[in-house]
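J.: Sequence:
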Amino acid sequence: RGIKSSFRYDCLCGSSENPSKLSNHYLFTKLFAHLIAGPKGIDELTRALKNFDYSDRCSLVWIGDYFAYRCRTCGLTPSMSLCGACFNAGNHENHDFNKFKSTCGGACDCGDPCVMKPSGNCRFHGPDKVANRPCPPRNLIAVLQFLLPSVMKALMYWFWDQCKAEEPSLNENEAPMLFFLHRLHACGWVTQQLMVNVMIDLEVFADLIADCSATPAYRSYKASIALRSQTNIQESERRLSIKELKHKTLLESFLYTIVKLRFPESLSTLLIGLLPINEFKKLFIDAYVDHYETIASTLMITSRVRNISPEVAMQLNNRIVHISVQLFSGVDHALRMVKEKRL
6 RGIKSSFRYD CLCGSSENPS KLSNHYLFTK LFAHLIAGPK GIDELTRALK NFDYSDRCSL
66 VWIGDYFAYR CRTCGLTPSM SLCGACFNAG NHENHDFNKF KSTCGGACDC GDPCVMKPSG
126 NCRFHGPDKV ANRPCPPRNL IAVLQFLLPS VMKALMYWFW DQCKAEEPSL NENEAPMLFF
186 LHRLHACGWV TQQLMVNVMI DLEVFADLIA DCSATPAYRS YKASIALRSQ TNIQESERRL
246 SIKELKHKTL LESFLYTIVK LRFPESLSTL LIGLLPINEF KKLFIDAYVD HYETIASTLM
306 ITSRVRNISP EVAMQLNNRI VHISVQLFSG VDHALRMVKE KRL
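Terminal number for the sequence shown in our numbering: 348, no gaps in between.
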């Protein structure tokens with residue numbers, strides 16, 4: 006409990022006594038890595054976790070200029086894509102396939118029954134791979150499971166604090182905890198499921214709000230939501246009214262942060278990489294549709310207020326496509342949204 010109390014909601018931020026936000030962020034990232042790994046070190050922990058990575062779906066996400074594969078024989082949708090490892094580990098002999106350069110970014114669809122036939126799955130993915138998968142020993146993940154809620158709350162608050170004045174620089178030096186979560190994500194379904202459990206937990210988000218409700222960072226975050234909810238944009242004599250957003254989970258707040266920061270790849274790809282977990286994908290789609298009007302208004306405001314170049318505008322569009330194509334390439338979720346959200 007004493008160690009957990011060190012990971013306060015504001016532990017990644019600076020203070021009046023210690024304004025160096027970078028050093029705080031770096032030190033607590035290193036401390037987190039040391040605590041969850043123990044004396045054997047983080048490399049040994051990641052190797053051990055990967056031994057339990059029995060997943061029904063691939064979770065690899067790529068950004069632009071990645072060479073992927075598309076098999077029209079196995080695909081159920083024209084946007085189906087496979088990473089090189091899954092394509093080479095599958096049986097696509099004499100199939101109608103091609104290798105292409107992905108300009109918008111993407112994610113591997115191996116194992117997704119909504120996007121491709123089971124016969125196209127590689128030998129590492131599919132429902133048969135998870136039927137009797139072993140669970141990791143308790144001592145391997147106990148500290149990670151114990152500290153992860155505090156760490157993810159702290160990262161969320163760090164974004165709120167950083168966004169008060171200007172957009173943060175999300176590189177590995179400025180946001181080491183975010184990139185460390187990417188490293189944990191790469192360990193496979195064990196760490197991915199732990200992240201999902203935290204992101205969709207109503208109590209975790211409620212605890213964060215209770216701790217920081219009086220802070221300037223939280224007030225700025227709430228004011229930003231209220232401002233965007235009340236925004237009306239004149240467009241061809243139509244008024245686009247943005248409905249009020251109400252966040253109840255870290256997932257929803259992280260998604261809003263992605264929209265506000267105009268889809269930074271380092272944060273977007275972390276969430277995209279959790280979509281293979283069905284419960285997370287369902288809730289992410291719900292939140293994405295709820296935020297879609299805000300996404301549209303962000304695009305309009307960006308194009309008008311910020312004198313951005315066509316290249317930057319195209320990059321922003323590509324990053325939005327990077328997310329949306331992962332959500333609605335299969336018919337099941339698209340039909341559900343039409344019915345439930347009356348699209």
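For the record, the hints were derived by calculation from the structure and aren't laboratory data.
On a predicted model such as this, the values are computed, not experimentally measured, just so you know.
Take the hints with a grain of salt, since some may be wrong.
[What the hints assert, rightly or not] Straight-line distance between alpha carbons at most 25 Å, and here's what the computed DSS-like set of lysine-lysine pairs gives:
(1) Lys104 <-> Lys122
(2) Lys55 <-> Lys134
(3) Lys346 <-> Lys251
(4) Lys251 <-> Lys287
(5) Lys253 <-> Lys265
(6) Lys253 <-> Lys346
(7) Lys134 <-> Lys45
(8) Lys253 <-> Lys9
(9) Lys251 <-> Lys344
(10) Lys251 <-> Lys265
(11) Lys122 <-> Lys134
J.: Going back to the hint list, which numbers does this structure go against?
T.: 7
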